[in-house]
Each structure stands twice: as C-alpha cells, then as structure tokens.
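Asker: So you can see what is in the structure, the chains are spelled out below.
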Amino acid sequence: MQSATLILLLAFMAVVSFYFGRRRSLAIVGGPSHGPVLHSLPGYYGYYVAIWCALPALALLAVWLFAEPRIIVALVVNELPESYRSLSAGELNLLINNIQNLASGDVVSSDIDRPLQDAAASFNGYIEKSRQLLAAISISLAGLGGALAWRRIRPELRARNRVEQVIRWMLIAASSIAILTTVGIVLSVLFEAIRFFQKVPLTEFLFGLNWSPQTAIRADQVGSSGSFGAVPLFTGTLLITGIAMFVAVPVGLMTAIYLAEYSSRRIRGIAKPLLEVLAGIPTVVYGFFAALTVAPWIRNAGESVGLTVASESALAAGLVMGIMIIPLVSSLADDAINAVPSAMRDGALGLGSTRSETMTKVILPAALPGIVGGVLLAVSRAIGETMIVVMAAGLAANLTANPFAAVTTVTVQIVTLLVGDQEFDSAKTLAAFALGLMLFVVTLCLNVIGLSVVRKYREQYD
Amino acid sequence: MSTERTTLERVEAGLARRRRKELLFKLTGMFATAIGVVFLGVFFTTLIVKGSSAFQQTFLKLDIELSEAVLAPDGELDVRYADFDGLVRTALRAQLPEATSRVDRRALYRLVSVGASYQLRDLVATNPELVGTTQTLWVPASSNVDMFIKGDIDAEADEALRPLSDQQISWIRSLDEAGRIDMRFNSALFSNGDSREPELAGIKGAVMGSFYMLLVTITLSFPIGVAAAIYLEEFAPKSRWSDLIEVNINNLAAVPSIVFGLLGLAVFINWMGLPRSAALVGGLVLTLLTLPVIIIASRAAIKAVPPSIREAALGLGASKMQVVFHHVLPLAMPGMLTGAIIGMSRALGESAPLLMIGMVAFIVDVPGGFTDPATALPVQIYLWADSPERAFTERTSAAIIVLLGFLLVMNFAAVILRKRMERKW
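For the protein sequence lines, the chains are A and B, in the order given. Residues in the first sequence are numbered from 0 upward in steps of one, following numbering that gives the first Met the number 0. Residues in the second sequence are numbered from 0 upward in steps of one, following numbering that gives the first Met the number 0.
Taking lysine to aspartate or glutamate and the DMTMM-like style, the derived pairs with C-alpha atoms no more than 25 angstroms apart in a straight line are:
hint, chain 1, residue 1, chain 2, residue 2
1, B, Lys20, A, Glu356
2, B, Lys302, A, Asp333
3, B, Lys25, A, Asp345
4, B, Lys49, B, Glu155
5, B, Lys60, B, Asp175
6, A, Lys455, B, Asp242
7, B, Lys149, B, Glu196
Calculated directly from the structure, the hints in this document are not laboratory data. Note that this is a predicted model, so its numbers are computed, not measured.
Please take these sequences and the hints and turn them into a complete structure.
Answerer: Below is the structure:
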C-alpha cells in the first residue's frame, strides 16, 4: 500500500474516532443536561480519542519509512554472493544503486547478471512485505489506540486538559523547528568541512593564494593536483560587495533622506512602492539583466575610452547588486532616521539651521549607529547573494582589485562545485561545504551585530 | 552693538552659500531617488522589448502529402516508426524545387523545425483516416527563420557571421511572398517542457515544478509557522530558551539562501535519501527558507490583536487554549495570510538553493508528481539565460515576464487582503 493512501486512511480513522468519542461522551451522561456532568465539552472527548488513534500510528509510520530503506539494503547485501560483498564501499554503493534501479525498472549502468537480478527481485519482495506489514501494524495500532481511549471516557475524565497538553507540545515542536534548522545547517556544513580540512590543511585554505579545485582522477595526471587557497575568492567577494555598497549606501541613504524630509506626500506615495517593487524582483532576473544588458554596455563604454574590460567584469555584477540592495538600505535608514526624536530636529531647525544642516549635523549623527547596523545587514546580504554573481561574474579565481577584471566569489564557487555529477566525498565537493561554512559564519556574525545594533538604538530613543 | 552687527553680517554673508548647499543636498536626494525609479523603468522596458516578441512565433504553410507508401510501406501504419520527417522534407522540396544539390537540400531542411514532424505524427495518430490525403498545414519554422522574420538577423551582415546563408534568406523571402509565412501565437511556450530547440521550448514543465514545490511549501510552512508564532507569542515563558528561539528566527531570516541549499543537499538528499531534483525536496528546502518570514509576520499579526479580547474571553471562563484558537487566531488570520503570501512570493523567486539540490537538470517531461524530476521557473530562466542562441534570450525574457506576472498577482492579493480585512482597534 502506498504511504499516501495509508496516511489518508489514518486521517479517515481519526475523523471516525472523533465522531465515536463525542457520541460516547454524550451517551454516558444520557445526552445534554442529563445525569452526571461531563468535565469537558463533548467535542474534547472526540479529539481525545482521535489523537490516540492517529498520533501513535503516524509516529510509527515516520520511523518505519525512515528505517525501511536502510534495513532492506542491509538484508539484500547480506544475500549477495561473497564476491560482491567483498567489494570496496564505493563499488558496493554503486552496486546497490544498480539493484535499486533494476528493481524500480530504471536504466542500469552495468551488465545485468544473475545475482543482480535475484537481488533486485528480493529487494522488491522485501519492499512489498515491509509495506504490507506497515499497513497492517499501523492500522491495528490506530484501531487499538482509538478503542482504548474510547473505553476510558468517563464523565470525570479531564479530556480538555489532556487535549490541550498535546496541542501545547505540538506548538513547542513547531517552534523548535527553527532551532533544528540552525542546528541542521551548522552540523551539515561543519561535518563536511571537517572532512575537507582533513584532506586540505586549514592554513592553506585560509591563506593560500591559488584556487583551482580540479583534482586528479589518476595519480600520474599532470597539472591537476588541485589547490584550495581561498584568498582569491574572498577578495573577489569583497570587491563585488564593495562595489555594491559603493552604489547602495549613498543612494539608499539619500533616498531615505529625500523621501523623509523633502518630497511631497504625492511623490513619496509613488516612489516608495516603486522601490518596494525593486526589492521584490527575483535575483535571477537581476542576474539576467546584469549579464545581458549591463555587462555588454559597460564593456562597450570601457572600450570606447580605451579600457580593457572583461565581459564578465566585477563592475557589472557589483552595480546591479548595488541597485538590488538600495531598498534594503533605504528602508533601514528610514527606520533609523524616524527613530530620532523630533525634539532634536525641531530644536536644530528653531536655531536657524537649514534642513540639510539639521540632517547632516544633528539627525544623521544621532541615527548613525542604526544606519551602520543596517549597512552591516546589507553587506551580509551582498556577500550571500548568489544568482547575480553566478550569472554575471566569472569563474576564474583572479587575485585582483581591478573592477574591470573578472573575479569569482565564494557563492559562485559553491554553485560550480556542487552543480553537476561528482562523487560526494572528493575534496572538490567537500570544498563547497568548507566555503559554505565560511559564508555562514561571516554572515551570521554580521547579522547578529547588525540586528542587535539596529534594535538597541531603536529602543534607546523610544 | 558692533559685535551684534558683525554676527548678523557674518550670518548674512554665509546665507547664499548655505542656501546653495541646501539646494545641492536636495538635488542629490532627488537624484538618488530617481536612480532607483529610472532603473526600474529601464529594466521593465528592456524586458518587454526583448520578451514580447517571444509570444509570437513564425509558422510555415506546407502542403504535405500523407502518402500511404511512406507511412505504411507494408500496409500497416505504426506512428512510432513512420517517416514523418521525410514527408515534411518532400513537401519543402515541392515548394522550393530549385534546391537540387545535397548541400542545398540540407540547407532547405533546416528552415523547418523538427517540431513539424511531431505535429504531423500527432495529427496522424489521432486521425488515421487522413493517410493518403494531402493536408495543408501550418508547421513551426526553425528558430533561425523565426529570428530573421522578427528582424533579429541582419541580411546585410557578412554571410559567414550570420546563421542563415544568402540562399536560405532568398528562400524565406520567396516563401513570404507566396503568403506561406505567418506569425502566430506561440502556444508551445505554454504547453511544452524544456527543449534544446528554442522554437519547441516551453515553460510548462518549470511552471508545474514550481507549482508542486509551492504546494509542499505552503502546506508545511503555514501551519508550522503559525503554530510557532502562537507558542512564542502566547505561551512561551520569558526565558533564555525563548530568547534563543527569537534571536535564532531573526537570524535565519537573514541567512543566505544558498546555505539552505547546502542543508537540503546534506540532510534531505544524502542523509534521508530523498530523490534528487524532486519537487518534494525543493519544497522542503523552501519551507525552511520561508518559515522565518511567516513566523515574523504571524507574530506581528498576533501582537496586533488587543489584549482586551483575550481578557474578555478569559473572564468568561475560556481556557488559554480556547482564547487563542477561538478568538486571537481568527482575528490575526488576515495578517498571517498576508505574511504567508509574501513568504510564498519569496519562495517562488528563489533559485540558488534549488541549484544545490539538483533542480538544474535538463528536464523535457512535464513533472506529474512530487517525486518526479522537476525544475522551477526561476531556474528555467537561469538555464535559458546561459544558452547562446538568440532565440533563447527572447524566451528568457518571456519567462521572466510570466514569473513577474505571478509575483505581481500574489503581491496584489496580499495588498487587497490587507486592505479588506485590516481592522483598526
């Protein structure tokens, strides 16, 4: 039986048991306003039975579906002839893959021989047996749980409290998913990164000047020893981030000032939503625009004044990324400016300073910490931005500060290393996780500092 | 007296300079605001200029003889093996008999898309009685012909530098004069999956992939996000643990999306063994990605419900859980739904994490379920943007227009929802 049908069936059983639970609670007291008083509303007795019916069965289902493939593969491997079982781990994995493909009727990458066919047949047999067993056990568990809970219904049973306790635990579980996500991110990048640093020393990764992640397939191959010095990636990321900030910070700040202080209500009503549209455009669209419109335009402009500009120049990616970040900077700057008490502003204006003097000499210094926090968040956004640089920046890891040259970034390298087929434990693939760890740690620091600064100074003036 | 005058004089002397500075500051602000707005204008104009032509496509009118001798040489028609290609070629040769040498003929055959024989096959498969008749059909032209008709290939350019030869261009012109070339609505763009041939490539596969992904995302992230928000806002004791969750959620909202892709690759694919490239895995990754957005929006919506409502319900004897589920939640629902729509529109535009979990494969078939190999609309844009053919650039812009259309509708729905349901207390 398919697991989806099984889940639907369990849901149906839960609905039915709700109905029976509710009816029994009413029957025990002889209908509403008769005999002994129920502790809870009748519906809660229904929920109580439904929870006992569905929850244990669903828990079993989850555990079963998680464990099933591992156990079945182990069983099938055990049945294989000796010559297969003595294969190396990698070859065995390939063999298991082939068996699974054969079992599900997909394309198989090796010759189909007798033992392989037997294994596939027994694989299918085990799957079928396991599914039948699962269906039988979970349905009887649901029935049993529902029946027991049904029998326990008494007028004095505190059904509402029990049900609310279960709901409370579900709410707690939902809110801990956020924590689990962070833990999952840290663990998944950390483990692979540690495996990478066992192959490549940490100092070479952090301080090496040469990045060419091609590892040799054969030991005697020439020129592909693979070097993992990530400094060119860091400088490339910084260059593009720097260009983006060079655009986004002044423009975003001045936009926020203009819209807050100078513009008429009508202009603000038009410009603000338009800038929000800018923030809502998917990054892949920015990337397309950077690669196909801005980059050729910059190249032609550069060549007409005699500059050599790479067709995937850092400038194109940085400029477009800067435009993308303008709304973020301007909205955070707007918050910071609005948090400055109006008494300070009125005081400065009352003393006869012009509006620009009030802004630059009074409000901006007071709002500076908040603005800096916002800029840190924007930097973190720029460092982690992927699609624009993947589409508009280059792949060559050049160590340069020339904005007209092609550079590559951390995110571009993560994408290039992981897109495509390669074995999972080569240094090349693991390097992507090491870069991911760097990216996560750096952006996490920037976010923590930026968020706390922004919040602290917002509260200070409240 | 004298100092007072000098002060006044000093102020007046500086006044012109200060006014100039003031004006300059104001103009700088205007200029900065204009940059964003002008970029937006340039952006949409180029997109529409580049993309609108992709909604039209060039078709050729051919008189195709569905001869029995070719289709069913041994008396039995098998549409899988019949030589429809040959029929199309014969029709082309009949149309332009001046192509006689092998080289010429090959150049001639390149005017028509391989889609023509698929179209013919489908026609015969559904109407086998047509065998033996001659049908006049509009079949798709190849992408180079399409580009030429749309004016993207310059006939004046050096012959070696353009994809069509002088000979082919003169054939196209003579076909055009005979009224056998026409621009029609490009339905292939909306009904086909991806293809290596630009004239046959469509976004249906990508749209369906995105649809399945968003279905997974919304069914998981909305209930979980709302539940988490309820717990944090209504039940969580003020403790270290709830502070930690709070900081954590705010940080997760700012983690680069590609890191979520790494998580998906390591956990869902390598550890749990879920299939690569599947919409299910993409949906799970996007769930984790949108969860912080939904939680933050839902908390704000719960906070906006006035405490008097809770107190009134508690005073009438409701339990805490009943207060939340019977009173707070329905009142906060519009705000939560708005947050969910915004989260979904972010998920729809996201592509970096999907690259990590293998959703960049070249997939021709339209996915029919959650575990089929699929791709998403933004990823399709990324794939097409990488293709060198001019015809794919046009289709990329068209796909972007479609994507932005979806986003526009979603955001518009969120705005309307907010306007309609918003309550001032």
